[in-house]
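Asks: As a plain string of letters, each chain reads:
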Amino acid sequence: DTGVSQNPRHKITKRGQNVTFRCDPISEHNRLYWYRQTLGQGPEFLTYFQNEAQLEKSRLLSDRFSAERPKGSFSTLEIQRTEQGDSAMYLCASSEQGPSPLHFGNGTRLTVT
Amino acid sequence: QKEVEQNSGPLSVPEGAIASLNCTYSDRGSQSFFWYRQYSGKSPELIMFIYSNGDKEDGRFTAQLNKASQYVSLLIRDSQPSDSATYLCAVEDDKIIFGKGTRLHILP
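So the sequence lines, in the order shown, correspond to chains A and B.
Position 20, counted from 1, in the first sequence is what our numbering calls 20; the numbers after and before it change by one each time, with no gaps.
To get our numbering, take the position in the second sequence, counting from 1, and add 113.
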């Protein structure tokens, strides 16, 4: 068990560019979550998957954000036409199905200049 | 909109005393409750989870759940400087959502 892995750790991009982040969950975990966290705030729910099915996407999330989990393994989060307000830590977490705690990756810190 | 509410703090507690952290949630159908600790610049790490009404103890930590009052708390006994961190309450109904966290500062 190598834990949840996120890449890259840091990403600096210019406003208007597209970025993609990857998350590799713990192998036996069915559920995968994406959260966004800014300084002084708790993790904000973005979306989550059970296996390859995307169960819910936050209503607060712009259409510029999209996530996939092909084959129910790794997941990608893409942000199109980035804005300065997208600067944040993007956290991925996985869990077993059912009542089960989340295991977090180290996050990807995005800076939009 | 389902919500999880926490006092943002900071909560300052002398070393060796009991720290009490509180959380309320809006969705009466919530089934699972978690406390995470987050050090500055790090990811959240699980401290405790609780699914049933009452108390659950693990070492210096006790989680308390009252579903009728929609209230979850975390007690930290014999507080240590290393307990200084942000404590996040999380609640699961279908998905897991987090409160904004309470900053805890243990005074040496």
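I should point out that these hints are in silico values taken from the structure, not numbers from a laboratory.
One should not assume that every hint holds.
No more than 25 Å apart at the CA atoms, straight line, and that leaves these computed lysine-lysine pairs for DSS-like [claimed, not checked]:
{"no.": "1", "chain 1": "B", "residue 1": "Lys169", "chain 2": "B", "residue 2": "Lys180"}
{"no.": "2", "chain 1": "A", "residue 1": "Lys11", "chain 2": "A", "residue 2": "Lys57"}
{"no.": "3", "chain 1": "A", "residue 1": "Lys71", "chain 2": "B", "residue 2": "Lys208"}
{"no.": "4", "chain 1": "B", "residue 1": "Lys155", "chain 2": "B", "residue 2": "Lys180"}
{"no.": "5", "chain 1": "B", "residue 1": "Lys115", "chain 2": "A", "residue 2": "Lys57"}
{"no.": "6", "chain 1": "B", "residue 1": "Lys213", "chain 2": "B", "residue 2": "Lys155"}
{"no.": "7", "chain 1": "B", "residue 1": "Lys180", "chain 2": "B", "residue 2": "Lys115"}
{"no.": "8", "chain 1": "B", "residue 1": "Lys208", "chain 2": "A", "residue 2": "Lys57"}
{"no.": "9", "chain 1": "B", "residue 1": "Lys213", "chain 2": "B", "residue 2": "Lys169"}
{"no.": "10", "chain 1": "A", "residue 1": "Lys57", "chain 2": "A", "residue 2": "Lys71"}
{"no.": "11", "chain 1": "B", "residue 1": "Lys213", "chain 2": "B", "residue 2": "Lys180"}
{"no.": "12", "chain 1": "B", "residue 1": "Lys155", "chain 2": "A", "residue 2": "Lys11"}
{"no.": "13", "chain 1": "B", "residue 1": "Lys155", "chain 2": "B", "residue 2": "Lys208"}
{"no.": "14", "chain 1": "A", "residue 1": "Lys57", "chain 2": "B", "residue 2": "Lys169"}
{"no.": "15", "chain 1": "B", "residue 1": "Lys208", "chain 2": "B", "residue 2": "Lys180"}
Remember, it's a predicted structure, so these values are computed and weren't measured experimentally.
Asks: Now tell me, hint by hint, if it's right for this structure.
Replies: Evaluation of the provided hints:
no.: 1; hint: Lys169/B - Lys180/B; verdict: holds (14 Å)
no.: 2; hint: Lys11/A - Lys57/A; verdict: holds (23 Å)
no.: 3; hint: Lys71/A - Lys208/B; verdict: holds (21 Å)
no.: 4; hint: Lys155/B - Lys180/B; verdict: violated (31 Å)
no.: 5; hint: Lys115/B - Lys57/A; verdict: holds (14 Å)
no.: 6; hint: Lys213/B - Lys155/B; verdict: holds (15 Å)
no.: 7; hint: Lys180/B - Lys115/B; verdict: holds (15 Å)
no.: 8; hint: Lys208/B - Lys57/A; verdict: holds (10 Å)
no.: 9; hint: Lys213/B - Lys169/B; verdict: holds (23 Å)
no.: 10; hint: Lys57/A - Lys71/A; verdict: holds (19 Å)
no.: 11; hint: Lys213/B - Lys180/B; verdict: holds (20 Å)
no.: 12; hint: Lys155/B - Lys11/A; verdict: holds (17 Å)
no.: 13; hint: Lys155/B - Lys208/B; verdict: holds (22 Å)
no.: 14; hint: Lys57/A - Lys169/B; verdict: violated (33 Å)
no.: 15; hint: Lys208/B - Lys180/B; verdict: holds (18 Å)
In this structure, the hints that do not hold are numbers 4, 14, in rising order.
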